[in-house]
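J.: Sequence:
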Amino acid sequence: MTTNNPLSELDQFVSAAARHAGTPEGDALVAAARALRASVPDARSPVLRITAAPGIPLDVLVTRFKALNPLVEVEFTVSRAGVRALRGGRADLSAVWLPQHLRGLGSTPFGAAHPVVALAPDDPLATLHRVDLSALGEHHLLQNPDTVPEWREIARELRGRTIGKRKSLELGSLATVGLQLDHVAAGNGIVILPRPVAEAEQRSDVVLVPVDGLGERTSALVWAGEGAPRPEVADFTRLAAGLR
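Numbering of the sequence shown is given in the numbering used here, commencing with residue -16 and proceeding in unit increments.
To be clear, the hints were calculated from the coordinates, so they are not data collected in a lab. Values in this document were obtained by computation on a predicted structure and should not be read as measured data. All residues carry an ideal CB built from backbone N, CA and C; glycine is no exception. Hints are supplied without guarantee of correctness; some may be wrong.
Claimed, not checked - Each pair of labels, with its calculated beta carbon distance range:
(1) A18 with L226: 39 to 45 Å
(2) E182 with L222: 23 to 29 Å
(3) E133 with R47: 47 to 53 Å
(4) T6 with G210: 46 to 52 Å
(5) E133 with R67: 46 to 52 Å
(6) E58 with L111: 51 to 57 Å
(7) A64 with H97: 22 to 28 Å
(8) E8 with G225: 53 to 59 Å
(9) R73 with G5: 41 to 47 Å
To be verified - No more than 20 Å apart at the CA atoms, straight line, and that leaves these computed lysine to any residue pairs for SDA-like:
(10) K49 with V216
(11) K49 with F59
(12) K49 with V61
(13) K49 with L226
(14) K49 with A223
(15) K49 with T201
(16) K49 with A217
(17) K49 with R221
(18) K49 with T60
(19) K49 with A224
(20) K49 with R32
(21) K49 with N171
(22) K49 with D218
(23) K49 with G225
(24) K49 with L19
(25) K49 with P29
(26) K49 with D165
(27) K49 with R213
All chains, please: the whole structure from these sequences, using the hints.
T.: Take a look at the structure:
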């Protein structure tokens, strides 16, 4: 049984067109055939597009993968929108912090980090070496409560008559960690993040305190489709598992 290979068929088309060179029509056919072939990426030079959320250390792994796979072109970017990039076809593999909505995607565990709370310097809790989650229930959380479900369960502002009157409704959408930390520094609330994410912002105007009562925040490598990943993605995830 012969397997049809589009690239092979294009190469054969170029060769066939070359036999008609020497006339204006033949030369035009050859030029068109070569232009068509040049517009199709060579399957022998695959591209692997990788994104990593801030705070997930992927640089060393990417460098190692490049060294082991010199024929694979790797495009690496830092992005908080890794899952959206996968669903939109703009990435092949994303390293993301959990929890995330991963329906329809494949994933494998990658790493973990202890959470910290970012506090304004004049917050009484900012002088502590560690803080228990229960002490944060009276504070206002500036991020989506679903990202810290343990806080959501004890938050005073999400109970009784206070529900629907959260300060975030007044502040509007705080889409980035940097913007959230601006409001932390101004005394408008707190954020709870994996330590590497908070430290990546390099803010001297907030205080980071480890939080007890929260599990470690885990990360995962995620790819499009729930089945077996494409070979380059599978090779990358195996390398990641071996280096952990």
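J.: Of the numbered hints stated earlier in the document, which are not met by this structure?
T.: Checked against the structure, the hints that fail are numbers 3, 5, 6, 15, 21, 24 and 26, while the rest are satisfied.
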